[in-house]
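Asks: Sequence lines, in order, name chains A and B.
Letter by letter, the first sequence follows residues 90 to 249 of the numbering used here.
Letter by letter, the second sequence follows residues 77 to 426 of the numbering used here.
Misleading hints may appear alongside valid ones.
Quick list of in silico lysine-lysine cross-link-like pairs, PhoX-like style, CA-CA up to 25 Å [unchecked claim]:
(1) B:Lys272 / A:Lys138
(2) A:Lys166 / B:Lys250
(3) B:Lys250 / A:Lys220
(4) A:Lys230 / A:Lys136
(5) A:Lys249 / A:Lys104
The hints are simulated quantities; they were obtained by calculation from the structure and are not laboratory data.
Bear in mind the structure is a predicted one, so any value in this text is a computation, not a measurement.
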Amino acid sequence: MASADKLINTYVPEKDVFALHFLQSLSNLRTQNPLNSPDKSIDRVRKIKKAAYVSMARAAGGTSRLWSRALLRRAAKDDNKSVRFSRRKRKVTWKISSKRKRSNQRAPVVEEAAERLRNLVPGGGGMETSKLMEETAHYIKCLSMQVKVMQCLVDGLSPK
Amino acid sequence: MMNSSLLTPSSSSSSHIQTPSTTFDHEDFLDQIFSSAPWPSVVDDAHPPPSDGFHSHDVDSRNQQIMMMPLNDGSSVHALYNSFSASGSLPNFHIPQGSGGGLMNQQGQTQPQPQASASTATGGTVAAPPQSRTKVRARRGQATDPHSIAERLRRERIAERMKALQELVPNGNKTDKASMLDEIIDYVKFLQLQVKVLSMSRLGGAASVSSQISEAGGSHGNASFAMAGGSQTAGNSNDSITMTEHQVAKLMEEDMGSAMQYLQGKGLCLMPISLATAISTATCHSRNPLIPGAVADVGGPSSPNLSGMTIQSTNTTMGNGNGKLNGNGNGVTKGTSSIAVKEAVSVSKP
Numbered sequence: 090m091a092s093a094d095k096l097i098n099t100y101v102p103e104k105d106v107f108a109l110h111f112l113q114s115l116s117n118l119r120t121q122n123p124l125n126s127p128d129k130s131i132d133r134v135r136k137i138k139k140a141a142y143v144s145m146a147r148a149a150g151g152t153s154r155l156w157s158r159a160l161l162r163r164a165a166k167d168d169n170k171s172v173r174f175s176r177r178k179r180k181v182t183w184k185i186s187s188k189r190k191r192s193n194q195r196a197p198v199v200e201e202a203a204e205r206l207r208n209l210v211p212g213g214g215g216m217e218t219s220k221l222m223e224e225t226a227h228y229i230k231c232l233s234m235q236v237k238v239m240q241c242l243v244d245g246l247s248p249k
Numbered sequence: 077m078m079n080s081s082l083l084t085p086s087s088s089s090s091s092h093i094q095t096p097s098t099t100f101d102h103e104d105f106l107d108q109i110f111s112s113a114p115w116p117s118v119v120d121d122a123h124p125p126p127s128d129g130f131h132s133h134d135v136d137s138r139n140q141q142i143m144m145m146p147l148n149d150g151s152s153v154h155a156l157y158n159s160f161s162a163s164g165s166l167p168n169f170h171i172p173q174g175s176g177g178g179l180m181n182q183q184g185q186t187q188p189q190p191q192a193s194a195s196t197a198t199g200g201t202v203a204a205p206p207q208s209r210t211k212v213r214a215r216r217g218q219a220t221d222p223h224s225i226a227e228r229l230r231r232e233r234i235a236e237r238m239k240a241l242q243e244l245v246p247n248g249n250k251t252d253k254a255s256m257l258d259e260i261i262d263y264v265k266f267l268q269l270q271v272k273v274l275s276m277s278r279l280g281g282a283a284s285v286s287s288q289i290s291e292a293g294g295s296h297g298n299a300s301f302a303m304a305g306g307s308q309t310a311g312n313s314n315d316s317i318t319m320t321e322h323q324v325a326k327l328m329e330e331d332m333g334s335a336m337q338y339l340q341g342k343g344l345c346l347m348p349i350s351l352a353t354a355i356s357t358a359t360c361h362s363r364n365p366l367i368p369g370a371v372a373d374v375g376g377p378s379s380p381n382l383s384g385m386t387i388q389s390t391n392t393t394m395g396n397g398n399g400k401l402n403g404n405g406n407g408v409t410k411g412t413s414s415i416a417v418k419e420a421v422s423v424s425k426p
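All chains, full assembly: derive it from the sequences and hints.
Replies: So this is what it looks like as structure tokens:
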């Protein structure tokens with residue numbers, strides 16, 4: 090078998106990319122809510138969280154990955170915007186995966202875990218298990234990068 | 077990603093699925109089928125023999141191997157059949173009679189010799205290295221229908237990805253597949269929770285502060301800190317920072333230069349956020365990243381007050397640069413582009 094690394098492309102950019110996107114989104118957030126600062130802190134937190142996810146999705150590859158695409162679409166739907174994404178040339182795969190609910194004949198252990206993963210990872214609903222796991226790997230990498238960025242930001246901004 | 081192309085793809089047992097564009101899996105026996113020279117015409121419809129150099133170097137050796145076999149028969153079909161068997165782990169496979177054209181009769185091929193192949197196949201493992209083509213490999217594909225081949229392919233693919241995931245997840249040393257999957261799921265949940273918590277902690281408080289700051293009039297950042305629960309602000313230092321920021325904001329609206337001079341007088345400087353972030357991440361563990369100077373100036377006692385400023389300066393040209401207010405006495409670095417908005421955070425712990 091060829092090594093798994095050559096088959097799966099899990100490249101995430103450097104931390105700075107994530108940091109830049111996140112800070113830009115934060116400043117945009119500030120621009121949008123300067124005076125009408127919502128008094129509910131929960132709303133603010135939610136906005137920040139959403140900004141974090143969206144910026145992470147953008148930094149991680151925009152619409153070129155399935156999970157980021159789904160995430161951006163989900164976020165845009167809430168704001169009633171529309172996601173523009175370029176049509177890349179995609180391999181035509183006719184693996185009809187979403188149309189047909191996977192029967193449990195395939196290693197039911199794996200499948201139930203895959204089902205749980207599908208709920209967690211954005212865009213997981215229409216994916217085959219193997220594709221799902223590939224996306225999960227990339228998602229985990231990007232999430233950990235984002236967490237690192239936010240942690241460093243918070244650490245840097247907090248007093249001793 | 078590889079599709080097991082000519083066999084019906086793994087996701088379906090119905091017959092309607094044929095991948096029009098086939099990408100090769102690393103399944104050797106498939107390659108051997110396709111790339112072996114004596115092609116019956118039937119196969120050409122389904123798939124042209126690959127010329128992309130895929131294991132092309134092996135073709136010759138394989139061809140020779142293949143060629144040797146059907147010398148007895150002289151039938152190209154048998155050559156095909158034997159190529160298939162050559163890749164498989166079936167040394168005791170003997171040439172069948174009357175097998176039809178290659179691919180389409182794959183199901184048919186298995187019928188003459190179900191027992192032999194089954195017996196060898198069950199003992200075989202998939203993990204044999206595929207490098208040498210002559211090595212026999214346990215392929216169960218011949219024993220059963222292509223669905224099981226596809227199934228096996230799929231399982232291998234999943235196993236590969238699980239291995240890749242295993243390295244990412246801490247505590248990925250579980251050998252059990254089920255526990256590994258649980259671990260993965262928990263880790264994803266944990267990361268998402270971390271994002272939520274981090275967005276609550278200081279950034280939430282900071283956002284509230286900065287929104288206060290941007291309002292006209294001296295706003296006290298203290299009042300807004302209730303939510304975050306951790307970001308209580310010391311009174312004096314915060315006010316002075318606030319005042320400074322206000323002053324700079326005012327100055328900036330008039331004239332950039334005067335704002336810079338004001339900052340310089342205070343021993344602070346303006347720098348793009350990306351740089352500040354880079355610095356802070358480089359030193360984030362030491363917790364004293366950017367502002368030894370600022371501390372002294374702004375009057376925070378021992379607690380460093382990191383103050384950046386976000387100002388909505390509509391007058392100044394809108395660029396996409398972000399600046400940050402920091403003290404290091406280096407003079408003013410205006411950054412890479414004009415200052416549009418800068419992030420204001422003023423947080424200090426009691």
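Asks: Confirm or reject each hint.
Replies: Going through the hints against the structure:
Only pairs whose Cα atoms come within 25 Å are accepted, and B:Lys272 paired with A:Lys138 is accepted, the gap being roughly 6 Å. Among the hinted pairs, A:Lys166 with B:Lys250 is inconsistent with the structure: their alpha-carbon atoms are about 39 Å apart, more than 25 Å. Restraint check for B:Lys250 and A:Lys220: satisfied, since their Cα atoms lie roughly 22 Å apart, inside the 25 Å limit. About 23 Å separates the Cα atoms of A:Lys230 and A:Lys136, which keeps this hinted pair within 25 Å; it holds.
Our distance criterion of 25 Å between C-alpha atoms is met by A:Lys249 and A:Lys104, whose separation comes to about 24 Å.
Comparing the model with each earlier hint shows a violation of hint 2 alone; every other hint is respected.
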